[in-house]
Structures are given as structure tokens and as C-alpha cells.
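Q: In numbering that gives the first Met the number 0, the protein residues as written are 0 to 195.
Hints should not be assumed to be uniformly reliable.
Said to hold, decoys possible - Restraint-style ranges between C-beta atoms, simulated for each label pair: (1) T161 x G126: 22 to 28 Å; (2) P30 x D160: 25 to 31 Å; (3) E26 x P73: 27 to 33 Å; (4) D77 x A146: 36 to 42 Å; (5) A102 x L43: 31 to 37 Å; (6) P101 x L43: 28 to 34 Å; (7) L43 x A146: 28 to 34 Å; (8) P10 x A99: 29 to 35 Å; (9) A57 x R14: 36 to 42 Å; (10) V106 x G31: 28 to 34 Å; (11) Q76 x P38: 17 to 23 Å; (12) K41 x T132: 25 to 31 Å; (13) G119 x E26: 15 to 21 Å.
For the record, the hints were derived by calculation from the structure and aren't laboratory data. As the structure is a prediction and not an experimental result, all values here were calculated from the model. Think of the CB as a built atom: it goes at the ideal place given N, C-alpha and C, for glycine as much as any other residue.
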Amino acid sequence: MTLPLEPPSVPEPFRAALVGLRAAVAEPGRPGLELQEVPGPKRLAPFSVAVSAEILGADDEQVASGRFVVLHDPAGQDGWRGDTRVVAFVSADVEAEMAADPALAQVGWSWLTDSLSDRGAEHTAAGGTVTRTVSCRFGQIEDADEASEVEVRASWTPLADTDGAMDLGVHLLAWCDLLCATAGLPPPGVVALRAR
Numbered sequence: 000m001t002l003p004l005e006p007p008s009v010p011e012p013f014r015a016a017l018v019g020l021r022a023a024v025a026e027p028g029r030p031g032l033e034l035q036e037v038p039g040p041k042r043l044a045p046f047s048v049a050v051s052a053e054i055l056g057a058d059d060e061q062v063a064s065g066r067f068v069v070l071h072d073p074a075g076q077d078g079w080r081g082d083t084r085v086v087a088f089v090s091a092d093v094e095a096e097m098a099a100d101p102a103l104a105q106v107g108w109s110w111l112t113d114s115l116s117d118r119g120a121e122h123t124a125a126g127g128t129v130t131r132t133v134s135c136r137f138g139q140i141e142d143a144d145e146a147s148e149v150e151v152r153a154s155w156t157p158l159a160d161t162d163g164a165m166d167l168g169v170h171l172l173a174w175c176d177l178l179c180a181t182a183g184l185p186p187p188g189v190v191a192l193r194a195r
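Starting from the given sequences, assemble the full structure and let the hints guide the process.
A: Written out as C-alpha cells, the structure is:
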């Protein structure tokens, strides 16, 4: 994949942070996970980059998707507690029983916080929502099964290490772990047992 060149106006700390991000996009290390850099939003911050993702099931149907956006404002913004903010979204199909479980919201949020912690993605000011939905179909598509989904929307401020460098790659990989968890894929290094 050819990555776009940054214009000269991009601040050097943000440009350096994008190196790790783009390395993680090039090799996410998870089979079935496809990442692609897409244009970032223009109005939310002076500088931005975005990554879209999808996970395809055995029948090549999309079972999970998401977007990972990094915003950078050298002056910072109210509530960020820093000059860089990650805004992330994940949506995945789940079984109806899972969507009906009131604990799913807490579990979904723990998937995010555990993923960030497990990857060593230091951050502050995290916030977000977990939404579970069950869609009933009517009319011409009435015979179709109910559709159940979980959505996790979150944002957080990545922290720089003691040398002042920020590795956005670990934040992206933590988000990929969240996406895979919502899709029901096992954690990295764990092989899923197949039903007989």
C-alpha cells in the first residue's frame, strides 16, 4: 500500500507519531482483518488521519467494521488534556442472546480498556458509549432473521512516553483488538476451538 506524503505544515511530533500508526496499518498481524488509511475529517482539528477496518466472516460477509481517527491540534482543545485525540468506532454483529444481555455494555467497554492496557497504550480522558441493538424486519424482508449488533464509540488522549514520543501504532493495534473481540475472534496467540 502506498501511503500519502505529509504536507510540510504537519508538525514534526505528529508526523513522527504517524510512522508507528502507518506501520500498524501495513501489518495489523490478525488474519481476516483488513485496514485501510482513508482521508481524515477536515473540520474537527487542523490535522487528522483516519483508518477504516472490516472483518469478513467465512462466507465473505462483513461481521465487524470500524473507523479509527486521530485528530491533532497543536494548541489542544477543551477536554482533550493534550494536543492529540483518538476517536474510534466499532460495530459488530452479535447473537441475539448476547445483544439482549444487559451486561454487554459493561463487557464492551472492558474490551476497550483491556485492549489499551494489554497493548501498553498509555492514555487519559477516555470516554464513550456502548450500544446494543436488535433490529426486527418487516414487509418484504420479514422472513429474514433479526439483526443484532453492538457498537462501541470511544475517544481518548494518547500520552507520550518519557522521551516525548507518541506511538500511535499501539493505540491502533489496541483498537484492532477491540474490533476483533466484538467480532468474536480470539485474542492474539489464541486458537479458536472449532465445533465438531
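Q: Each hint: holds or not?
A: Verification of the supplied hints:
1. Restraint check, T161 to G126: a C-beta distance of roughly 26 Å satisfies the suggested window 22 to 28 Å.
2. For the pair P30 and D160, the supplied restraint of 25 to 31 Å holds, since their beta-carbon distance comes to about 30 Å.
3. Between E26 and P73, the C-beta spacing of about 30 Å keeps the proposed range 27 to 33 Å intact.
4. The hint said 36 to 42 Å for the Cβ distance between D77 and A146, and at roughly 38 Å that hint holds.
5. Judged by the Cβ atoms, the range 31 to 37 Å given for A102 and L43 holds: they are separated by roughly 33 Å.
6. About 33 Å separates the C-beta atoms of P101 and L43, a value consistent with the hinted range of 28 to 34 Å.
7. A beta carbon spacing of about 30 Å between L43 and A146 agrees with the range 28 to 34 Å that was offered as a hint.
8. Remark: the range hint 29 to 35 Å for P10 to A99 is contradicted by a beta-carbon distance near 47 Å.
9. Taken as a hint, the range 36 to 42 Å holds for the pair A57 and R14, whose Cβ atoms sit roughly 40 Å apart.
10. The supplied range of 28 to 34 Å is broken by V106 and G31, whose beta-carbon atoms lie about 22 Å from each other.
11. One distance hint, 17 to 23 Å for the beta-carbon pair Q76 and P38, holds here, with the actual separation near 20 Å.
12. For K41 and T132, the Cβ-Cβ distance of about 30 Å falls inside the hinted range of 25 to 31 Å, so the restraint holds.
13. G119 and E26 have their C-beta atoms about 18 Å apart, which keeps the hinted 15 to 21 Å range intact.
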